[in-house]
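Please construct the entire structure, taking both the sequences and the accompanying hints into account.
Residue numbers (our numbering), protein chains in the order written: chain A, 33 to 286; chain B, 480 to 817; chain C, 2 to 294.
Note that these hints are calculated values from the structure, not bench results. Treat the hints with care, since some could be wrong.
Here are some, though not all, of the chain A residues that point toward chain B, as calculated from beta-carbon distances under 10 angstroms [claimed, not checked]:
no., residue
1, Leu86
2, Ala90
3, Val92
4, Arg108
5, Gly116
6, Gln124
7, Ser125
8, Phe139
9, Arg151
10, Ala156
11, Gln157
12, Val165
13, Pro169
14, Ala188
Even for Gly, the Cβ is constructed at its ideal location relative to N, Cα and C.
So you can see what is in the structure, the chains are spelled out below.
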Amino acid sequence: MTTHLLTVRDLSVSYGDRRVSFVPELTVGAGECVAIVGESGSGKTSALLALLGLHPGARVSGVVDMFGTEDVLAERSRLTGLLGRRVALISQSPISALNPTMRLGRFAEVVLRKHGRSRAEARAQITAALSAVSLAPDILTRYPHQVSGGQAQRFAIALAVELIVADEPTSALDVTVQAEIVALLASLRRDRGMGLLIVSHDIALVSGLADRIIVMKDGEVVEAGPTRSVIGNPTTDYARALIGAVPQIGGSTS
Amino acid sequence: MTRFVLYRVAQSLFVVVGVVLLTFVIVRLVPGDPAVGYAGSRATPGQLAAAREKLGLDGSVFTQLQHYIADLLNGDLGVSIHTRQTVVADLTHFVPASIELVLFAMVIAVPVGFAIGRFAARHHGKAADIVMRIMTVLAVSFPAFWLGLILQTTFASTLGWFPIAGEYTSSLDGTSPLHVWTNLTLVDAAITGNGPVFLSTLQHLVLPGLVVAAYPVGAIAQLTRAGLTEELGQDHIRTVRALGFSSREVIGRFAMRPVLSPILTLIALVFAYSLVNAFIVESIFNWPGVGRYTTEAIQSLDTPAIAGVTLVVAIIYVLINLVVDIAQAFIDPRVRVQ
Amino acid sequence: MTVSPPLTSRIPSWINPSRLMPRDVLSVVFIVVLGILVLAALFAPWLTPYPADANGATHPLQSLHAPSAQHWFGTDGVGRDILTRVVFGARTSLIVVIAVLLFSIVFGTLTGVIAGYAGGVVRDVIMRITDIFLAFPALLLALALALVLPRGIPTLIICVAITWWPWYTRLAASVAASISRRGYVDSARTLGVSAQRIVLRHVLPNSLTPVIVQASLDAGGIILVVATLSYLGLGVSEPTPEWGLMVQQGQALITTNWWVVTFPALAILITAFSFNMLGEGLRVSLDPKKAGR
Ligand SMILES: Nc1ncnc2c1ncn2[C@@H]1O[C@H](COP(=O)(O)OP(=O)(O)OP(=O)(O)O)[C@@H](O)[C@H]1O
Ligand SMILES: [Mg+2]
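See below:
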């Protein structure tokens, strides 16, 4: 029995009267990887942001437990101790996700100092974290526009600790870089027992990484279960169609 | 970075040359004969010729331009027709007072405009935001001369809270005379420890200062609001919110910096605008600045004076822009790349 | 100078002429206000009670009457009906605004498109010339020029227009440059489509939205500059009705006969305010990014 880093029940996100996303159940344990797949507009990003309490303008209901803290969405203060310290959000466009006017080193330092590290601790932690994601320290003196997408994404991952919530972390990257980032995520999960919750369009990419897959369509979960069974014998036409779009997976597992 | 600075300096020099030429062209356009204005309508031909020579109006256009530029390089802007002093002497006397007024106004306007814009951005789309929007547009739409007249009649003539006009109570010249160092009265009074003049000047500055501040407050607030609202929708803001920073920190530490560089540009633009706005305000409040000088020059068709003012203000403006651009390159690394 | 107004730096995001209709209720309100103003200016001779007062008729016996049923806005120092002169004043202001904007938009867009599309030396020369004109605060250059030209509406137009066109050059140049960098223009070019056609089909339509927003905001600014020039005695001359001039003539009476200054000044404020609010509203409505919010 793994400890649960994240538990979600009946998470619903609406804009105005329109419910754009509903996730009845979702758990992520330490060292586990869960993937959410679905076509564009199916409500994946909405669910992800809502469970982190980042939902500008949306109405959110449901219960989210994180790291043993219950119902973190009930009060802002319950989340603030967790965001950035234990759970990190990785976004789709790594460069524009970083403040354009700050060198990466300064940014990392501001973040770590916010989380209560002394200056020296912050420095040491940054150096260690960079080598864990195999980035050279000279990246710290650069501005976001001076690094590659892959480097920026590694840098963002370096700031993560226990649970990574990633929204299409590879779709803005080149194919070779995508593979590197996936490998990095896989190794963090294996070696450090990090939990991963990944949103993706790309079932092929996710099938190698995820333990469980959730398939969404029009804001609803249409299929959920272990990766092998979702990909091996999808029960809905929609999931079948999604997987069918990637022939080598459907072929290899059947 | 060095290349950027050098490039900007070269560009500014080019603009200054253009400004000089354009000013020259405007001055030469004058249909009447300024020499008549200078020498008087009953002057003899000899007196007229002497006046022409003094004003640099003799010779062909080309030699005139040559003289004009040579004089400029020697720091000579000609002789004012209405004060009969050299324009340079007039300007060193009047420009500081205007700068003082505009600086006073900007010291009020920048933080206030900033705060209003920030407040509106935080309450984006709510009633407070809409009220602020209307108020700031009102501030940039108010004719300065009317605002000046309103404040003067209300707070000076009727309520008597502030002096009606002038720089400081003139009787103070007898009781605590001011030693002039910088021609900035407030500064001179402060460094010479002249408390009464300092206080009196401050009181005299309030009303004209508020009038001049109105436009910058509105413009800065609008741009701060627009920039912040846009910036708050950016990806990098979501990142820092996901890293646990509070709304206040998000705005103050992360959203503000990228917005700062267009705001700096605006402050430079608005400073120049205010300097000219101050012209009108000065004549209403009888503030002894370049504006009052200019309005008097307008009455006497004093082209050398106007040309001098135009040239000096334009050059001040070019310099401000240069400084701001370089400051921007330090704040926002993306500027340097362009 | 690389100073570009905040407006121009955001142009590409507005490029969406399909959203020309203002969604904002406030914008509609101000369009109505400005519409009324334009109509009043057009039909001034038929709408105003004493049209002769706009052309130098004086009635010394009725000097400085307070607002009443005969004279809604009162009369001025020489007994002229202020309502009449305010309405006729709208003509002066609007003529100048329209002429300045027309010149600036046509000339500015032309030079801007050439600069942005041609690039290289041509672009540099055009842009450096705009730098020189923009080095003067708008009112200052207008003021210097107005001093040496004869008084009148043409002078006002020339003086203001000469300070205004460079903004449109910059606006059009940046739109043109951003468009000619796009793929489809390159492919059109390699297919042998003429430069003229590219400009007509792509650059000009895409410049339309930012130009409309800019023009609306500028109209407010021009109203103020014109009024200020007249207030300084550099605009039109008597008896042409002009709001700034009316304020200047009435300012000595502000404590005793408030209406002489107040109505023309209000006209300036309301007109400038309406143009500025409209411009602000259009900027938001026409920005596709903000449209959904
Ligand atoms: N701020 C918003 N206001 C209104 N509706 C929104 C907003 N953000 C998202 N939506 C709507 O919510 C639905 C789900 O959007 P979401 O971004 O969650 O989809 P997604 O699955 O992440 O899509 P993609 O794969 O393209 O990123 C969409 O129909 C979208 O139009
Ligand atoms: Mg998404």
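Exercise for the section: Could you tell me which of the hints above the structure violates, numbers in ascending order? Expected result: 2, 3, 9, 10, 11, 12 and 13
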